[in-house]
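Could you put together the complete structure from these sequences and hints?
full-length UniProt numbering numbers the first residue of the sequence shown as 1 and each following residue consecutively.
Take these hints with a grain of salt, some might be off.
[Said to hold, decoys possible] Pairs of lysine-lysine residues, derived as DSS-like cross-links and limited to a Cα-Cα distance of at most 30 angstroms, are as follows: (1) LYS263 x LYS291; (2) LYS283 x LYS354; (3) LYS251 x LYS169; (4) LYS263 x LYS286; (5) LYS522 x LYS267; (6) LYS497 x LYS514; (7) LYS220 x LYS263; (8) LYS235 x LYS286; (9) LYS399 x LYS497; (10) LYS235 x LYS267; (11) LYS399 x LYS354; (12) LYS319 x LYS514; (13) LYS522 x LYS497.
Worth flagging that the hints you see were computed from the coordinates, not collected in a lab.
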Amino acid sequence: MAELRHSTAARASNSPAKRDSDASAASSPFLASPSARGSRGGGGDGDGDDGKDAHRSSPLLPHQHHKRVHLLTSPFRSLLALEDLRSPAASSSYRILLALLLAAGIFCAPLLWSRLNTPYLCHKEGITLHCPETKEPLSLWENPRAATTSWKPCAERRSDEPSDVPSEKETSGYIFIHAEGGLNQQRIAICNAVAIAKIMSATLILPVLKQDQIWKDQTKFEDIFDVEHFINYLKDDVRIVRDIPDWFTEKDELFTSIKRTVKNIPKYASAQFYIDNVLPRIKEKKIMSIKPFVDRLGYDNVPMEINRLRCRVNYHALKFLPHIEEMADKLAARMRNRTGSVNPYMALHLRFEKGMVGLSFCDFAGTREEKDMMAAYRQKEWPRRYKNGSHLWPLALQKRKEGRCPLEPGEIAVILRALGYTSGTQIYVASGQVYGGKNRMAPLRNMFPNLVTKEELASAEEMAPFRRHVTSLAALDFLVCLRSDVFVMTHGGNFAKLIIGARRYAGHRLKSVKPDKGLMSKSLGDPDMGWASFAEDVVVSHRTRTGLPEPTFPSYDLWENPLTPCMCRA
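Here is the structure:
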C-alpha cells in the first residue's frame with residue numbers, strides 16, 4: 001500500500017498567455033475614456049460579436065461610464081489607476097485599503113494553511129504506518145445495538161414434531177454427493193444434501209469430501225466431523241447411512257457412469273425442480289449420484305421447514321471431532337490470557353492470498369514488477385476474463401468504488417484504529433499466505449503488534465496431528481473465530497458468512513464487523529479529509545454493521561443471516 005491518503009492535488013491554472021490575451025480583448029468599464037480608445041484605434045463601436053451576444057448590456061455611454069467608475073470607493077479607484085495616487089485623498093484611502101488587506105490576510109492565513117496542508121490520515125515511514133490513537137468507545141467489545149433485539153435460536157426439532165422418515169423399504173432411493181471445495185463450501189454442500197434427501201424422501205449416503213485439487217487433501221468425513229452424532233441427531237429428519245448398500249455391486253459406476261449421475265441441475269434450484277426432475281430418476285435407478293453440487297439449492301424457493309432443517313444440520317448436527325474442539329478451546333483461552341489477565345480478543349479473517357487478489361481483478365499498490373507478475377498470473381489462470389488486459393483498469397476502478405475489492409492489511413489496520421482499537425488489542429489472524437508477504441503485512445503488524453496465528457499460539461508438537469489434514473487446520477481457525485469477542489472480515493466468502501451466521505444464531509450480543517468497503521474507498525481517496533472526520537465517518541457507518549440478526553429478503557443468504565427460518569422471538 002503506497003499511501004492511504006493522497007496529497008492535496010495542485011490546483012490547475014489558466015495559461016498566462018491566454019489570460020493576457022483574454023484581458024486585452026475584453027471590453028471593461030474600467031478602461032480609459034472613449035477619446036483615448038479612439039486615439040489608439042480601438043473598436044469602440046461594440047460590433048465585434050456580429051450580434052451573437054444580443055443578451056449582453058449595450059456599451060456604456062460616456063456619462064454612464066463616468067457614473068459607474070465613481071460608484072467605486074476611493075481606495076479601489078486608486079488601486080485600479082482611476083485616481084491619482086499623489087492626491088492626499090487617494091494616499092489616505094490607499095493606506096486604509098492596505099491595512100484592510102493585511103488584516104484579512106492575517107485572519108485567513110491559518111485557514112488557508114490548514115486547507116493546503118490537510119493532514120494525512122496516517123503517516124508512513126518505510127513499511128511502518130503511524131495513525132493517531134483514538135478514544136476507546138464503551139461498546140468496543142460488545143454489540144452496541146444488542147438491547148434492541150430479542151431473538152433466540154429455534155432451528156432444533158420440537159419435541160411434539162412427529163418423525164416422518166421412510167423405512168428402508170419405503171425410501172424413494174439413495175442419493176450420493178461429492179462435497180467439493182474447501183471445508184466451508186463442503187459444509188454448505190452437506191447441509192444441502194440433507195435438505196434434498198428430505199424433499200425427495202430419499203436416503204442419504206454419507207457425503208464424500210472431494211479431494212482438493214490445490215492442497216491434494218484426502219480428508220474423509222469422519223476425519224473432521226463426528227459421524228455418530230451427525231446420523232443420530234438427524235434420525236427423525238432424514239435416513240442417513242454410512243456407506244453404499246451391499247446389494248449395489250456397481251459402486252465404480254456411481255463415480256464414473258453418466259447413467260448413474262444427475263447433472264445440469266441449475267444453481268439455486270427450487271424444491272419443485274428436484275421433485276419434478278431428479279426424483280423420477282432416483283426411483284428408476286434406486287441409487288444416483290448428483291454432481292456438481294455447489295449451490296444447487298435455493299433459499300426463498302424452498303419450504304420454510306426445509307430451511308429450518310438446513311440450519312439444524314449446520315448449527316447442531318455438524319460437530320467437529322472432540323480433539324479439534326478441545327484444541328480450539330485451548331487456543332481461544334490462550335488468546336484471552338496473553339496479557340497475564342483475562343482480556344477480550346478479536347478474530348480477523350484476512351483474505352489477501354494470491355489467488356484471491358488475482359481473481360478479484362482489482363488494482364493494488366505495488367511495484368511495476370509486482371503488477372506485471374500479477375497480470376501474467378491472471379492471464380494464465382483466467383485467460384477468458386483477461387483477454388488482452390486493456391479493459392481491466394476501468395473495471396478495477398469501478399469495483400473499488402463499489403466496495404468489491406479485498407481490503408489490504410494496511411487498509412483494515414486504519415479502519416480498526418478509527419473504530420477505536422488500540423495497539424494493545426489482541427488479534428487472532430485466520431488467513432492463508434498473504435500476497436506480498438511480510439512487507440504487505442507490516443503496516444497491520446506494526447500498528448497492532450499483538451497479532452498472532454494458531455502456529456504462534458501452539459507448539460509444533462501440538463499442531464502435528466492437525467497437519468495431516470488441511471481441513472483440520474481450517475476447522476481450528478473456524479472455531480477460534482467463532483469463540484472470539486469480535487470477529488472482523490475483510491472480504492466475502494463461505495468462511496466469513498458461515499462465521500457471521502453462526503454468531504448471529506448463537507447470541508445477538510456477539511459483535512461481527514463487516515467493513516463498508518465502498519465508503520472506505522471514498523474516504524481514503526479524499527485528499528481533504530482529516531483524521532477526526534474520517535474516524536467519525538467510520539464509527540457512524542459501522543453502527544449498523546455489527547452482525548445483529550436482520551430481516552431477510554428475496555434471494556438472501558441463509559448461511560450469513562439465518563433469522564427468518566431459524567430464529568424466533570425471545
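Against the structure, the hints come out as follows:
Between the alpha carbons of LYS263 and LYS291 the distance comes to roughly 6 angstroms, so the proposed pair stays at or under 30 angstroms and holds. Distance hint between LYS283 and LYS354 is unfulfilled; the C-alpha atoms sit about 46 angstroms from each other, more than 30 angstroms. For a cut-off of 30 angstroms, the pair hint linking LYS251 to LYS169 stands: about 21 angstroms separates their Cα positions. As the CA atoms of LYS263 and LYS286 are separated by approximately 16 angstroms, the hinted pair is consistent with the 30 angstroms bound.
Distance restraint check for LYS522 and LYS267: the Cα-Cα separation of roughly 34 angstroms exceeds the 30 angstroms cut-off, and the hinted pair is therefore not satisfied. For the hint pairing LYS497 with LYS514, the CA-to-CA distance comes to about 10 angstroms; that is within 30 angstroms, so the pair holds. Straight-line distance between C-alpha atoms of LYS220 and LYS263 comes to about 24 angstroms, which keeps the hinted pair within the 30 angstroms bound. Distance check on the hinted pair: LYS235 and LYS286 sit about 21 angstroms apart at the alpha-carbon level, within 30 angstroms; holds.
About 20 angstroms separates the Cα atoms of LYS399 and LYS497, which keeps this hinted pair within 30 angstroms; it holds. Between LYS235 and LYS267, the direct Cα distance comes to roughly 28 angstroms. Compliance with the 30 angstroms bound is thereby established for this hinted pair. Taking the CA atoms of LYS399 and LYS354, the gap is about 18 angstroms. The hint holds against a cut of 30 angstroms. Under the criterion of a C-alpha separation no larger than 30 angstroms, the hint pairing LYS319 with LYS514 is consistent with the structure, at around 26 angstroms.
For the hint pairing LYS522 with LYS497, the CA-to-CA distance comes to about 25 angstroms; that is within 30 angstroms, so the pair holds.
Hints 2, 5 from the list above are not met by this structure, while the remaining hints are.
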